[in-house]
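There are 2 protein chains.
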Amino acid sequence: MRDNYLEEYYSFLRFPSVSTDAKFADKVRECAAWVSQKLEKIGLESKVVPTPGHPIVWARNKHRNGRPTVLIYGHYDVQPPDPLELWDSPPFEPVLKNGYVFARGATDNKGQIFSHILGLQETIEKNRDLPVNVDLVIEGEEEVGSQNLGKFLTDNRDALKCDVVLVSDTGMIARKTPTLSYGLRGVAALEVKVTGPKIDLHSGIFGGAVTNPATALARLLATLHDQNGHIAVPGFYDDVVPLQDWERESWRKLPIDPDSEMLEETGAPSLFGEAGFSTLERIWARPTAEINGMGSGYQGPGTKTVLPSHAMAKLTFRLVPNQNGDAIIDLVKKHFQKNMPTGVTLEMTSGHSGPWYLTDPHNKFGQAAQRALKKAFNKDAALIREGGSIPIVSDFRKILGVETLLIGLALQDCRAHSPNENFPLENLEAGIRMNQAVLEELAG
Amino acid sequence: MRDNYLEEYYSFLRFPSVSTDAKFADKVRECAAWVSQKLEKIGLESKVVPTPGHPIVWARNKHRNGRPTVLIYGHYDVQPPDPLELWDSPPFEPVLKNGYVFARGATDNKGQIFSHILGLQETIEKNRDLPVNVDLVIEGEEEVGSQNLGKFLTDNRDALKCDVVLVSDTGMIARKTPTLSYGLRGVAALEVKVTGPKIDLHSGIFGGAVTNPATALARLLATLHDQNGHIAVPGFYDDVVPLQDWERESWRKLPIDPDSEMLEETGAPSLFGEAGFSTLERIWARPTAEINGMGSGYQGPGTKTVLPSHAMAKLTFRLVPNQNGDAIIDLVKKHFQKNMPTGVTLEMTSGHSGPWYLTDPHNKFGQAAQRALKKAFNKDAALIREGGSIPIVSDFRKILGVETLLIGLALQDCRAHSPNENFPLENLEAGIRMNQAVLEELAG
Numbered sequence: 014m015r016d017n018y019l020e021e022y023y024s025f026l027r028f029p030s031v032s033t034d035a036k037f038a039d040k041v042r043e044c045a046a047w048v049s050q051k052l053e054k055i056g057l058e059s060k061v062v063p064t065p066g067h068p069i070v071w072a073r074n075k076h077r078n079g080r081p082t083v084l085i086y087g088h089y090d091v092q093p094p095d096p097l098e099l100w101d102s103p104p105f106e107p108v109l110k111n112g113y114v115f116a117r118g119a120t121d122n123k124g125q126i127f128s129h130i131l132g133l134q135e136t137i138e139k140n141r142d143l144p145v146n147v148d149l150v151i152e153g154e155e156e157v158g159s160q161n162l163g164k165f166l167t168d169n170r171d172a173l174k175c176d177v178v179l180v181s182d183t184g185m186i187a188r189k190t191p192t193l194s195y196g197l198r199g200v201a202a203l204e205v206k207v208t209g210p211k212i213d214l215h216s217g218i219f220g221g222a223v224t225n226p227a228t229a230l231a232r233l234l235a236t237l238h239d240q241n242g243h244i245a246v247p248g249f250y251d252d253v254v255p256l257q258d259w260e261r262e263s264w265r266k267l268p269i270d271p272d273s274e275m276l277e278e279t280g281a282p283s284l285f286g287e288a289g290f291s292t293l294e295r296i297w298a299r300p301t302a303e304i305n306g307m308g309s310g311y312q313g314p315g316t317k318t319v320l321p322s323h324a325m326a327k328l329t330f331r332l333v334p335n336q337n338g339d340a341i342i343d344l345v346k347k348h349f350q351k352n353m354p355t356g357v358t359l360e361m362t363s364g365h366s367g368p369w370y371l372t373d374p375h376n377k378f379g380q381a382a383q384r385a386l387k388k389a390f391n392k393d394a395a396l397i398r399e400g401g402s403i404p405i406v407s408d409f410r411k412i413l414g415v416e417t418l419l420i421g422l423a424l425q426d427c428r429a430h431s432p433n434e435n436f437p438l439e440n441l442e443a444g445i446r447m448n449q450a451v452l453e454e455l456a457g
Numbered sequence: 014m015r016d017n018y019l020e021e022y023y024s025f026l027r028f029p030s031v032s033t034d035a036k037f038a039d040k041v042r043e044c045a046a047w048v049s050q051k052l053e054k055i056g057l058e059s060k061v062v063p064t065p066g067h068p069i070v071w072a073r074n075k076h077r078n079g080r081p082t083v084l085i086y087g088h089y090d091v092q093p094p095d096p097l098e099l100w101d102s103p104p105f106e107p108v109l110k111n112g113y114v115f116a117r118g119a120t121d122n123k124g125q126i127f128s129h130i131l132g133l134q135e136t137i138e139k140n141r142d143l144p145v146n147v148d149l150v151i152e153g154e155e156e157v158g159s160q161n162l163g164k165f166l167t168d169n170r171d172a173l174k175c176d177v178v179l180v181s182d183t184g185m186i187a188r189k190t191p192t193l194s195y196g197l198r199g200v201a202a203l204e205v206k207v208t209g210p211k212i213d214l215h216s217g218i219f220g221g222a223v224t225n226p227a228t229a230l231a232r233l234l235a236t237l238h239d240q241n242g243h244i245a246v247p248g249f250y251d252d253v254v255p256l257q258d259w260e261r262e263s264w265r266k267l268p269i270d271p272d273s274e275m276l277e278e279t280g281a282p283s284l285f286g287e288a289g290f291s292t293l294e295r296i297w298a299r300p301t302a303e304i305n306g307m308g309s310g311y312q313g314p315g316t317k318t319v320l321p322s323h324a325m326a327k328l329t330f331r332l333v334p335n336q337n338g339d340a341i342i343d344l345v346k347k348h349f350q351k352n353m354p355t356g357v358t359l360e361m362t363s364g365h366s367g368p369w370y371l372t373d374p375h376n377k378f379g380q381a382a383q384r385a386l387k388k389a390f391n392k393d394a395a396l397i398r399e400g401g402s403i404p405i406v407s408d409f410r411k412i413l414g415v416e417t418l419l420i421g422l423a424l425q426d427c428r429a430h431s432p433n434e435n436f437p438l439e440n441l442e443a444g445i446r447m448n449q450a451v452l453e454e455l456a457g
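Residue numbers (the working numbering), protein chains in the order written: chain A, 14 to 457; chain B, 14 to 457.
It should be emphasised that the hints constitute simulated quantities derived from the structure, not laboratory data. These figures come from a predicted structure and were not determined experimentally. Errors might be hidden in some of the hints.
Chain copies aren't distinguished; within one or between two, either way the pair holds.
To be verified - Mimicking DSS-like on lysine-lysine, the simulated pairs with C-alpha atoms at most 30 Å apart in a straight line are:
id	residue 1	residue 2
1	Lys-54	Lys-411
2	Lys-36	Lys-317
3	Lys-164	Lys-317
4	Lys-392	Lys-347
5	Lys-317	Lys-206
6	Lys-75	Lys-174
7	Lys-206	Lys-346
Please take these sequences and the hints and turn them into a complete structure.
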């Protein structure tokens, strides 16, 4: 099998399965068909399930009572390749250079889900069966918000009953270092609009006599934090579960230098965050209040001496266990109302939200994953959380009632979502071993 | 003469002399020619002086030694009439309704400068001469920044040597209340840009570990004022000349209700300004720090969870005697530098500036103007300052070395710059009387 997996991987990568652009809809469908046929070829029962958007490929082995059921999730859709001029080779013509395959989707997520497929194939070729019951759910809309996945899970809740979900769509903390992500932050959005005069005013004729809404908004936003980077909204941290000692300890020992990596990646002149916490703690285990956008008055070239009629800011709060999105938004609204400058009105609109995720990496599934990762990589797994949010993980918990093992294979320099996306073949091969080891360990 | 002045006023108003729009350039030139011919018809020597932009009309009577020289300034260009659909009648087809003439330019400035022209005409018809030497300078670029006026004044400095300038391009405090504006605020602009990461970052993956530039900017802008509306930049008020008792007293007695008018005009939910000062004091005699525009990150619909790379704000400061624009900008820059949040860099760019203006309404010219206004309106003149800036007034002081008497005839509801601009005939007639009375009083 190893002889021609590269050619098959390339075939998978050649589909421009860009989910966000309607002009690629045919290619997305062809890609789904290709995945489904591949899964049938390796001995699984597979079908392409239509949705109002792009189809979901759903495959399974013959389920047998008395053994665990594992749902492996992935996606075959990819990000748009733009800007094309920044690619060294065409995004949908994979090339191998120094052990790295360059193509859109090489890592995210075709390479990672393909390593699972190859792992299953090898096991079936060797043992004629898998050690556990497996469902593969490979969707085509992850890059556009997985809008039809929830309904698919709900519609097929009974058939998809399982013990645990495996997802390889996150990162490895460093090269050759297997990584189990056991936590994600949640998110809650709030838009704030401050209105003063009914129209933009002449700042000479009126300036001084009425509140400037941009000034009012700036003063309001300045109340979000104190000087030490703590969020100053009363009650904001009340439900935050303190970091556990083993986590602080284990993150401190990770084989990375988070501060210099963060400086390098962001290009920020220096790091800054909540006093009393390390960089990793700040992004993985502490909530934030971020301004995503802010606007008021005249933003074009030169000067326009207006006193703006209104000013707005878009905020998102990253949440950690056990914060509740609705409760946090309520606290912030109350805080803003209490700190309202005079002379303006305040409109606040809640936006989308998604819950945080935390699973115990030391429960039986977590332990099985750790043992498997050690077997596949010959190295202890790094146990980390991530700062972002992965809504599908909450769907698996909410709809199927199960935990998710996030065992991603992406490296920092794989350039997911960017030009020159690439995937090292050593990770593809590690993924094959990882798939086999995890299923064995979960079989018990 | 009175019989046909309305028809001539209408002819003047029918020219769409919109200076900002190149497609009206011919009409602007025709309008200048019409004005110049009118001035010749009443017995003045007049010429149309070309500039790189729109021409300047320059007329004068025969100057005689031993009597004062008065420069009367006005402009024949007008604001664009848009939005057209909000006009009740076409902007360049003047109509008379209940004593008000509706047309673009009816007040600003054709009506006001025409009343001066009619005043001169009447005096010449009666006395065959004017009581003083007069220069009329009527430009065509006031609405686009008077960019060629300064050079015209400099080029003709000797010929334009005069004792005082008369300008009717400001407002009357109330109907039938003659008004002498003796002060204007200056202005100084500063643009501030705060930069953090080199590109917009994912707020989940990076949020918490680096400074958010929008938050940093908000915190910086919040240091501009204290809670009582005072500007909190150290040294900002050092050069401010305190209001004089007679001014406070006289403004308090003005026949207007500034607070309710301000609420009505602005539509702001309430008034707010520097503690310890009335509304009129705040806009006429106190400096301000206004945010004219502010922008950062994502401002479109919905949510985009970015941590923005940068944030900017455009500021203007209104200045009062004896503040110096450059010195104020330096103080603000120092203040911002001192209050810089960590983790970001700060770029500050000074913009345009213009000096404040203050003349003593009780000097000999001011007294002459007050007597003349009382004669023309049969009521004591209100002595006021204005919150805006009129750069030409500084040009007259700087280039010609003379003071300006601002004796405007615009009412609040004349809608200068807006649809349905109008001018009451009673103001046109009062302007005729005012022109005659002022020249008589200045003749001594």
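To see whether the hints hold, each was checked on the structure:
| no. | hint | in the structure |
| --- | --- | --- |
| 1 | Lys-54 to Lys-411 | neither (33 Å within a copy, 89 Å between copies) |
| 2 | Lys-36 to Lys-317 | between (42 Å within a copy, 24 Å between copies) |
| 3 | Lys-164 to Lys-317 | between (50 Å within a copy, 24 Å between copies) |
| 4 | Lys-392 to Lys-347 | neither (49 Å within a copy, 54 Å between copies) |
| 5 | Lys-317 to Lys-206 | both (21 Å within a copy, 17 Å between copies) |
| 6 | Lys-75 to Lys-174 | within (14 Å within a copy, 104 Å between copies) |
| 7 | Lys-206 to Lys-346 | both (12 Å within a copy, 28 Å between copies) |
In summary, the numbered hints that this structure violates are 1 and 4.
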